[in-house]
Amino acid sequence: MGKRVGMEVSIAVAEAIGLCNVDVVAAYPITPQTHIVEHLSEMVADGHLDAEFIPVESEHSAMSCCIGSSAAGARTYTSTSAQGYALLSEMCYIASGLRLPIVMNVVNRALSAPISIWNDHSDMMMSRDSGWIQTIAENGQEAVDLTIHAFRVAEDPRVYMPFQVNMDGFILSHMIEPIYMPDKSEVDAYLPSLKPGLRLDPQKPVTFGPVGMPDVYTEAKVAQDAAFRNSKAVILEAWKEFGDKFGRYYKPVETYKAEDAETIIVTMGSLSETAMSAVDHLRDAGQKVGLARIRLWRPFPTEEFFDVVKGAKNLVVLDRAMNFAGNTGPVCTEIKSILFDRGHSANVFNFMAGLGGRDVTVQNFEEMVQKAATSKAPAAYEIINVRE
Amino acid sequence: MAKETGIISWKQLNLGVAITTPGNAAELRTGDWRSQRPETDLETCTKCGMCYIFCPDMVYSKNDEGFYIQNYYHCKGCGICAKECPVDAITMVQEEN
Chain A
1 MGKRVGMEVS IAVAEAIGLC NVDVVAAYPI TPQTHIVEHL SEMVADGHLD
51 AEFIPVESEH SAMSCCIGSS AAGARTYTST SAQGYALLSE MCYIASGLRL
101 PIVMNVVNRA LSAPISIWND HSDMMMSRDS GWIQTIAENG QEAVDLTIHA
151 FRVAEDPRVY MPFQVNMDGF ILSHMIEPIY MPDKSEVDAY LPSLKPGLRL
201 DPQKPVTFGP VGMPDVYTEA KVAQDAAFRN SKAVILEAWK EFGDKFGRYY
251 KPVETYKAED AETIIVTMGS LSETAMSAVD HLRDAGQKVG LARIRLWRPF
301 PTEEFFDVVK GAKNLVVLDR AMNFAGNTGP VCTEIKSILF DRGHSANVFN
351 FMAGLGGRDV TVQNFEEMVQ KAATSKAPAA YEIINVRE
Chain B
1001 MAKETGIISW KQLNLGVAIT TPGNAAELRT GDWRSQRPET DLETCTKCGM
1051 CYIFCPDMVY SKNDEGFYIQ NYYHCKGCGI CAKECPVDAI TMVQEEN
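Protein chains in written order, with the numbering used here: chain A, 1 to 388; chain B, 1001 to 1097.
It is worth saying that the hints were derived from the structure and are not from the lab.
Hints are supplied without guarantee of correctness; some may be wrong.
List time: in silico EDC-like cross-link candidates among lysine to aspartate or glutamate, alpha-carbon distance up to 20 Å [stated by the list, open to error]: (1) Lys3(A) x Asp188(A); (2) Lys1011(B) x Glu334(A); (3) Lys371(A) x Glu382(A); (4) Lys1062(B) x Asp1088(B); (5) Lys257(A) x Asp284(A); (6) Lys195(A) x Glu219(A); (7) Lys1011(B) x Asp284(A); (8) Lys1011(B) x Glu382(A); (9) Lys310(A) x Glu334(A); (10) Lys1011(B) x Asp188(A); (11) Lys1076(B) x Glu1095(B); (12) Lys371(A) x Asp284(A).
Each pair of labels, with its calculated beta carbon distance range [as the list claims (entries may be wrong)]: (13) Gln1094(B) x Asp225(A): 44 to 52 Å; (14) Ile1053(B) x Asp50(A): 48 to 56 Å; (15) Asp1057(B) x Ile383(A): 51 to 59 Å; (16) Tyr217(A) x Glu1039(B): 57 to 65 Å; (17) Lys195(A) x Ile1008(B): 23 to 31 Å.
Keep in mind that this is a model prediction, so the values were computed, not measured.
Idealized CB from N, CA, C, for every residue including glycine.
Put together the whole structure using the sequences plus the hints.
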């Protein structure tokens, strides 16, 4: 039944990739993803992992290698952060359009400028529309579990799609946490070997990535969209089976004291643990506050999310990236659209916080909830914790 | 892919819009863009094959008599063959429509 270890989360994720029998790793190191790639490189060099490690010259080449490798039918992995994501993003859209089941950890970091190696979700929001399935981990255990789950879903013949597992830079990647590492045999039983739908094969030639003239491009996107939406059922099924095998069950939207809450805080990733402490404090003070944490970001779990928040009067939605829309942030935009489509009116307060590694404290969450409780007219968004 | 047009239901597309029939680009009619077509005067032609070598679309193929003959299904009328022909045997002729 595996064993409980104290391990840096990046190392644990790299070990999990090893447990998944990955065939090819093509990656370029970038802070704060570095330890994952370094450790994988060591595992291959030391003979602990029978895989090809391709030390490419850039992230663009990393994803290009991954596309070739996955098209050839190999189980393929990469990892990146921030500007690294930006450089490989061109190829990400090709990976999803070609329906290649590549798995990538994005260790979330702020996009420059100014240069910041610290954590926020601007790289994740940049990747929002890339056609990759996306989950985001709250803690080290989740980072490991979601990564194993990612291979299972990506390679399912009903899906065949690339999968991005997000984890907060430093706050998760560089922490030493107690983690249950599954046994190899358990992972083998959960994750069957990859059976590619189509692959590069000299005996049976195929063309990946032909030109799509105006009379076929729309149909190509309809097919991709249908498969993307249908992937949710497989994501849920694979989580159920993960729980049955490993004892840890995951849902697209996690809740904490949300059932009777008048105000629900909406978060993603590791900040949710701070938010839970704030919920406890506010509950102690007699306020009906709860938390909804989005774990599945793409495809967005619309029904599940609405079920969680439909009883709340106020929503306090956190965005950890500037989107420069002159309007609501990316997470909140998603949520407002869900509420509007259902004719549901709640007071939605959008706060931008935790940008470029700025701490968000329990007190900050309490301030956000107080603002929501006392204000009658929410602004489109508000950036908190700013020095005037 | 449906021949020539690519017009097909989204449900019939291959995974990732891959093409599983090698060489099917030859089925696509690219000769309908043409405003002029090359015609060869076989009396002048020396069978040197320069048209065959220079044609960017592999329109020319050798017939039994050794002449290089155009396949107008793919010819876009670029005129390179006429320009390169060393004995000026190829004339670009205006298409009617």
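| query | If you check the beta carbons of Gln1094(B) and Asp225(A), does the distance land in 44 to 52 Å? | reply | 46 Å, holds
| Taken at face value, is the distance from the CA of Asp188(A) to the CA of Lys3(A) at most 20 Å? | At roughly 16 Å apart (the allowed maximum being 20 Å), Asp188(A) and Lys3(A) satisfy the hint.
| field | Range agreement (Cβ of Ile383(A) with Cβ of Asp1057(B), hint 51 to 59 Å) | value | 58 Å, holds
| request: Verify the proposed pairing of Lys1011(B) with Glu382(A), using a straight-line Cα cut of 20 Å. | output: 45 Å, violated
| request: Sort out whether Asp284(A) lies within 20 Å of Lys257(A), counting only the CA atoms. | output: 12 Å, holds
| said: Hinted pair, alpha-carbon criterion (20 Å max): Lys1076(B), Glu1095(B). Please report holds or violated. | reply: 11 Å, holds
| query | Within a Cα-Cα threshold of 20 Å, do Lys1011(B) and Asp284(A) meet the stated pairing? | reply | At roughly 55 Å apart (the allowed maximum being 20 Å), Asp284(A) and Lys1011(B) break the hint.
| message | Would the hint linking Lys195(A) and Glu219(A) be met if the CA-CA limit is 20 Å? | response | Cα-Cα ~25 Å, so violated.
| said: Quick check on a hinted range of 23 to 31 Å for Lys195(A) and Ile1008(B), using CB atoms only. | reply: 26 Å, holds
| Is the hinted pair Lys371(A) and Asp284(A) satisfied, with a Cα-Cα distance of at most 20 Å? | Answer holds: Lys371(A) to Asp284(A) is near 18 Å, not above 20 Å.
| When you take the CB atoms of Ile1053(B) and Asp50(A), is the distance between them in 48 to 56 Å? | Taking Cβ atoms as reference, Ile1053(B) and Asp50(A) lie about 49 Å apart, which means the hint holds.
| request: Measure nothing beyond the straight line between the CA atoms of Lys1011(B) and Glu334(A); if it is 20 Å or shorter, mark the hint as holding. | output: 28 Å, violated
The earlier numbered hints that this structure contradicts are 2, 6, 7, 8, 10, 16.
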